[in-house]
Structures are given as C-alpha cells and as structure tokens.
Amino acid sequence: MIMLKDRSKSILEEIEKRKVVPIPRWHFVLQRFGFWLLAAISVLTGSIAMATAIYVFIDNDFIEDHEYIHLFLAERPLIAEIVASIPYIWLATLALFTLVAYFGFRHTKTGYRYATTKVIAGALLASLLLSVGLNTIDVGKYIHRYLIENVHVYTKLVYANEHRWTHAEKGLLGGKIIQYQKDKNRLILKDFNKNIWQIDISNTEVRPGTRLVPGKQVKITGVVVAAQTFKAYTIQGWSKRYHRKRPVSVSKIAPIKAVKDTLVP
Amino acid sequence: MADISRHKQQQQYTDQELVTQTLANKQAFAAIVRRYEAPLLRYITRLGCRDTSTAQDLLQEIFIKTYIHLNDYDHSLQFSSWIYRIAHNEIISSFRKEKHGPTVLEREADFFLFDKVVDELELTDQEGQKHTALEIQAAVDRLDPKSREIIVLKFFEEKHYDEISDILQIPEGTVATMISRAKKKIKSYLEES
Chain A
1 MIMLKDRSKS ILEEIEKRKV VPIPRWHFVL QRFGFWLLAA ISVLTGSIAM
51 ATAIYVFIDN DFIEDHEYIH LFLAERPLIA EIVASIPYIW LATLALFTLV
101 AYFGFRHTKT GYRYATTKVI AGALLASLLL SVGLNTIDVG KYIHRYLIEN
151 VHVYTKLVYA NEHRWTHAEK GLLGGKIIQY QKDKNRLILK DFNKNIWQID
201 ISNTEVRPGT RLVPGKQVKI TGVVVAAQTF KAYTIQGWSK RYHRKRPVSV
251 SKIAPIKAVK DTLVP
Chain Y
1 MADISRHKQQ QQYTDQELVT QTLANKQAFA AIVRRYEAPL LRYITRLGCR
51 DTSTAQDLLQ EIFIKTYIHL NDYDHSLQFS SWIYRIAHNE IISSFRKEKH
101 GPTVLEREAD FFLFDKVVDE LELTDQEGQK HTALEIQAAV DRLDPKSREI
151 IVLKFFEEKH YDEISDILQI PEGTVATMIS RAKKKIKSYL EES
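Here the protein sequences come in this chain order: A and Y. The first sequence begins at 1 in the numbering used here and counts up by one. The second sequence begins at 1 in the numbering used here and counts up by one.
One thing to keep in mind: the hints can contain errors.
Claimed, not checked - Heads up, simulated EDC-like pairs for lysine to aspartate or glutamate below, C-alpha to C-alpha not over 16 Å straight-line: (1) Lys65(Y) - Glu135(Y); (2) Lys109(A) - Glu135(Y); (3) Lys9(A) - Asp74(Y); (4) Lys17(A) - Glu61(Y); (5) Lys118(A) - Glu61(Y).
Unchecked claim - Label-pair restraints from in silico Cβ distances: (6) Ser10(A) - Ser188(Y): 32 to 38 Å; (7) Phe103(A) - Glu192(Y): 17 to 23 Å; (8) Asp141(Y) - Lys109(A): 33 to 39 Å; (9) Ala92(A) - Asp51(Y): 44 to 50 Å.
For the record, the hints were derived by calculation from the structure and aren't laboratory data. Ideal Cβ placement from N, Cα and C applies to all residues, glycine included.
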C-alpha cells in the first residue's frame with residue numbers, strides 16, 4: 001500500500017521550481033476553433049469533391065444523352081461503361097476529407113461524445129447537401145473542366161465523357177470552339193488533347209439550343225475526311241440544358257441513322 | 001492555526017470554485033491536490049502501476065499538468081472527470097514510455113470491490129455459485145489494458161457511464177459496449193479456469 005502524505009506543498013514548490021503557469025485560455029479557444037475550422041473546411045472540400053463526382057458521372061452520355069448510347073455500348077456493355085465512369089478519384093477525395101472532418105470534429109470540446117458512424121454519416125450528408133447546392137451554380141463542372149484542360153495527369157485519373165468524345169477516328173469529336181467561320185460553314189475546334197481541327201458544318205444537323213460561338217464546348221459526330229479535318233453530321237452543345245434553349249441555326253439535317261452506320265461498322 | 005482554518009474553508013468550496021480561485025492565486029491549488037491525491041493515487045495503482053515512487057512521480061506530473069491546463073477546464077463537465085482524463089492520459093503515456101503494461105490489481109485493498117464485480121456482473125459458475133474474489137482478480141488481470149481500464153473505472157472507481165465517457169473521451173454507447181465485452185471476456189476466463 002502506498003502511503004499518502006500531504007503533497008500539496010511539494011506540488012506547489014515543484015510548480016514554482018519549474019516556473020510553470022496555466023496556459024492562457026485563448027490558446028485553448030484557438031485550438032478548438034482550429035479543429036472546428038478543420039472540420040468545416042473538410043466538409044466543404046468534401047462537398048466540392050462530391051459536386052465534381054456528381055457532375056462527372058451525370059455528364060456521361062449514357063445518362064444525359066440517350067441518343068448516342070448505342071455508339072458507346074458498341075464497345076462494351078452498359079454495366080462496364082457505368083463502372084468505368086464512376087469518378088473514383090473524387091469519391092476517394094470525398095472519403096479522405098470526410099475522415100479529416102471526423103478527426104477535426106472528434107477533437108472539438110464534446111466531439112468524442114458522438115459515435116464514429118454518426119459523425120461520418122453526418123459529414124457525408126453535409127457534403128452531399130452542400131454539393132447539390134454547389135452544382136446549382138455548376139461548381140463541379142468548372143472544376144472538372146479546369147482540370148481536364150490544364151492538368152494533364154487528371155485525364156488519366158477519371159474516365160469522363162470528354163474521353164468518349166476524343167475519338168475522331170470513331171466519329172466522335174468534342175472540344176472548344178475557337179472560331180466560327182460562318183461564310184465558309186466551318187468551325188475551328190480545339191479538342192481535349194489540344195489538337196486543332198477544322199470542322200465542315202455545311203451539311204450538319206445543329207441540335208436545338210446549340211450556340212456556335214467561340215469558347216463553347218460542343219460534341220460533334222461525323223467522319224475524318226483529311227488530316228485534322230472533320231466533316232460534321234451532328235453538332236450539339238455540351239451543356240446539359242441544351243434542350244431548353246431556342247435553336248440558333250439549323251442547316252440541312254443529316255439523319256442520325258446515317259451517322260450510326262458510318263460510326264459503327 | 002491560520003493554515004488549518006484556511007484548509008477547512010477551502011474544503012467547503014466546489015471544484016469549480018477552487019479552479020477559479022487557483023487561476024487568481026495558485027496557492028488555492030493546494031486544496032485541489034488535497035482533494036484528489038488519494039483517489040488519483042488509487043486510480044494509478046488500480047490501472048497497474050504498483051511501484052510506489054513511479055506512482056508518486058506520476059501523481060505529481062498529473063497535478064502539474066492539471067495546473068498548466070486549468071484554463072482548458074470546461075465547467076459543464078465534472079471536474080473529477082476532467083482530472084481523471086488527465087490522469088488516464090498520463091498513466092497510459094507512462095506505460096507506453098516504460099514499454100510495460102499494467103501489473104496485477106492490488107487485491108488486498110480492493111477485495112470488497114471484487115465482490116462488487118461478482119454481484120454486478122452476475123458472475124456465477126455452472127452450479128449457480130458465486131465466483132470468489134480471487135478468481136475474479138485472476139480474470140481481470142488477464143484482460144487487455146482497454147477492457148481492464150473500463151472495468152476499473154466502472155467497478156473500482158465507481159464512475160457512471162457519462163463520466164467514463166468524459167474520462168476516456170469515447171461515446172457512452174462505446175462505454176456500454178466495452179463493458180459488455182469485458183464482462184464476456186471475464187466470464188470466458190472464469191469458465192476456462
């Protein structure tokens with residue numbers, strides 16, 4: 001049995017000897033604020049990741065545009081297409097920041113009182129709700145586009161719709177309009193690999209709501225007729241809401257059946 | 001005489017009041033030390049530190065850490081939970097540094113508490129006979145540190161679930177689960193023996 005003695009005196013002497021003083025309150029307030037901030041920033045970052053993941057997945061043509069689905073499915077079944085299209089990198093980012101949010105929340109004053117599953121589910125739900133809000137202002141789209149256009153390694157990390165439309169040899173070409181030469185019925189287009197194409201739109205169905213103006217992203221079906229020259233059969237904007245807009249210009253319409261025959265032998 | 005009268009006066013203050021007083025005048029910390037030195041020393045021992053000088057060094061470090069972190073004390077918590085949390089962290093950290101786990105519980109001092117464990121966990125053998133304190137002690141000694149810790153807090157320190165939750169910084173649901181698991185382990189050890 002350990003013998004007890006009044007050690008209050010010796011403790012006070014030791015405190016005196018070590019010259020220790022209570023850490024100021026602001027230090028702890030700042031520390032707690034730091035953990036709350038970490039949790040909040042992580043949820044926000046997670047929601048951005050979620051917003052981008054939702055955009056990348058929804059943007060896939062097998063969801064957004066059923067018209068061309070047969071062209072893609074000619075290569076592999078729908079389930080394989082869906083599995084390949086899941087934006088794993090964004091989901092992994094969401095998972096990582098959800099864990100960081102959990103860590104931050106767990107270190108707040110009473111964060112430990114909540115079950116891990118509840119905190120993680122709460123962080124995920126908050127990220128999901130925020131991501132829906134963020135996607136109403138197209139945050140996911142802008143982030144994805146910026147990365148596709150500027151970060152080379154990103155294109156290897158996601159199998160996005162842009163990849164499907166980077167197959168001119170199969171009749172699928174997508175990219176940004178650089179110039180519209182109305183008098184020559186020609187578009188100058190930069191594809192997602194930064195190649196410049198001349199697009200002949202003299203006999204092309206321009207889908208309703210498609211704006212042929214520089215800077216706009218478009219999807220074109222057609223055929224390669226010469227080096228870096230593409231004859232377009234159909235052209236449509238990348239925007240998900242193209243069907244809500246008025247048609248800008250409709251030239252001669254080529255039946256989509258003919259496109260199919262050309263593209264899928 | 002003045003000292004004795006001051007001590008008696010300090011005994012009437014709540015923990016929260018003593019914390020406030022200490023922040024204004026560190027001499028008031030002596031009252032906190034006097035109030036908690038015995039329970040904390042018992043806790044250190046029950047968690048498995050049986051070397052007297054190590055236990056006393058640990059106790060000193062716990063009080064100094066408590067003093068340094070006084071401004072971090074949240075008055076919505078029980079002060080005892082908060083100081084036990086500091087003690088728990090300090091003891092675990094000491095075990096890690098020393099690279100040894102807890103040794104046996106001190107049966108002589110806690111004999112009646114082993115009986116309490118038997119009653120509360122309804123530990124009876126196949127014939128319905130209660131297990132002896134000695135058997136319980138052997139089973140508790142075999143527990144892993146986390147299970148042992150929770151049993152010590154629940155049955156030896158007589159803490160409630162919410163207090164254990166605040167001390168170990170885990171949800172109350174996890175406390176209940178851990179107690180239930182520890183109980184199962186104790187039962188299986190008793191059956192083995």
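Status of the hints after comparison with the structure:
| no. | hint | result |
| --- | --- | --- |
| 1 | Lys65(Y) - Glu135(Y) | violated (37 Å) |
| 2 | Lys109(A) - Glu135(Y) | violated (40 Å) |
| 3 | Lys9(A) - Asp74(Y) | violated (26 Å) |
| 4 | Lys17(A) - Glu61(Y) | holds (13 Å) |
| 5 | Lys118(A) - Glu61(Y) | violated (36 Å) |
| 6 | Ser10(A) - Ser188(Y): 32 to 38 Å | violated (45 Å) |
| 7 | Phe103(A) - Glu192(Y): 17 to 23 Å | violated (39 Å) |
| 8 | Asp141(Y) - Lys109(A): 33 to 39 Å | holds (36 Å) |
| 9 | Ala92(A) - Asp51(Y): 44 to 50 Å | holds (48 Å) |
Comparing the model with each numbered hint stated earlier shows that hints 1, 2, 3, 5, 6, 7 do not hold.
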